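Chains as they are written, first to last, in this note's numbering: chain A, 11 to 126; chain U, 274 to 383.
Keep in mind that the hints were calculated from the coordinates and are not lab data. Don't take every hint at face value.
To be verified - Across the chosen pairs, the derived CB separations fall in these ranges:
1) U/Gln287 with A/Glu13: 42 to 48 Å
2) U/Leu331 with A/Ser76: 34 to 40 Å
3) A/Lys72 with U/Thr335: 38 to 44 Å
4) A/Gln90 with U/Leu331: 39 to 45 Å
Claimed, not checked - Straight-line Cα separation of at most 30 Å, DSSO-like style, residue types lysine-lysine; simulated pairs:
5) U/Lys370 with A/Lys72
6) U/Lys370 with A/Lys21
7) A/Lys88 with A/Lys21
8) A/Lys88 with U/Lys329
9) A/Lys81 with U/Lys370
What you are looking at is a predicted structure, and each value in this text was computed from that prediction instead of being measured. Note that the Cβ used here is the ideal one computed from N, Cα and C, for glycine as well.
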Amino acid sequence: EAEVAQSPRYKITEKSQAVAFWCDPISGHATLYWYRQILGQGPELLVQFQDESVVDDSQLPKDRFSAERLKGVDSTLKIQPAELGDSAMYLCASGVFAGAAYNEQFFGPGTRLTVL
Amino acid sequence: TQLLEQSPQFLSIQEGENLTVYCNSSSVFSSLQWYRQEPGEGPVLLVTVVTGGEVKKLKRLTFQFGDARKDSSLHITAAQPGDTGLYLCAGAQGAQKLVFGQGTRLTINP
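Sequences and hints are given; from them, build the entire structure.
The following block contains the structure:
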């Protein structure tokens with residue numbers, strides 16, 4: 011069964027350091043999402059890609075966060091410099107948009123980030 | 274402001290009992306999804322409801338979409354310890370964006 015892959019699963023870093031997360035979506039899924047989930051809350055969208063283009067990054071803290079999907083397949087989310095408040099689960103999801111009336115997204119296992 | 278409100282936020286019951294979790298909003302959604310998330314893992318899609326009043330069943334789980342497509346419920350019959358997890362509802366705004374509720378943390382005690 012096709013799955014969304016993410017790495018690393020866990021990352022511990024010190025504040026002011028740079029971190030990067032990788033995501034490989036389900037093959038054929040043109041839409042890719044990065045979410046941040048703080049413990050005890052629901053996921054919040056950071057950035058959405060359609061192929062290699064950013065569709066929505068309105069909630070991405072652009073002073074320290076960046077995301078890219080250069081070839082429209084896998085994607086990288088970077089934080090530089092990391093702050094204590096960035097500690098969270100970072101989730102990647104992918105989906106297929108073909109003018110459908112609804113949106114089903116399939117999530118990877120996530121990267122648990124701890125900033126010390 | 275939370276667009277989707279889930280209740281209760283926490284629920285702990287004994288194995289074999291029935292339960293209902295609610296997801297409410299003042300906004301209309303084109304569809305609504307329910308996910309279950311286990312600790313340290315990503316959410317897993319359980320069901321998508323699209324039509325107002327729609328009812329879907331997945332074994333002991335029954336999902337209902339409100340007539341006005343503003344709310345939804347998840348009912349579990351004869352809960353089992355394996356049902357333990359964080360249940361998330363997510364409403365679709367437009368065809369591509371999902372807005373998540375804060376989740377209901379369910380614990381089923383043997």
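Now the hints, each set against the structure:
The hinted range of 42 to 48 Å is not satisfied by U/Gln287 and A/Glu13, whose Cβ atoms lie roughly 34 Å apart. A hinted range of 34 to 40 Å holds for the C-beta pair U/Leu331 and A/Ser76, which are about 39 Å apart. In this structure, A/Lys72 and U/Thr335 meet the distance hint of 38 to 44 Å, their C-beta atoms being roughly 43 Å apart. Range check, A/Gln90 to U/Leu331: about 42 Å between beta-carbon atoms, so the 39 to 45 Å window is met.
Under the criterion of a C-alpha separation no larger than 30 Å, the hint pairing U/Lys370 with A/Lys72 is consistent with the structure, at around 20 Å. Using a Cα cut-off of 30 Å, the hinted pair U/Lys370 and A/Lys21 holds, with the two alpha carbons roughly 28 Å apart. Among the hinted pairs, A/Lys88 with A/Lys21 is consistent with the structure: their alpha-carbon atoms are about 13 Å apart, no more than 30 Å. The suggested pairing of A/Lys88 with U/Lys329 is violated, with an alpha-carbon distance near 39 Å, which exceeds 30 Å.
About 22 Å separates the Cα atoms of A/Lys81 and U/Lys370, which keeps this hinted pair within 30 Å; it holds.
Comparing the model with each numbered hint stated earlier shows that hints 1, 8 do not hold.
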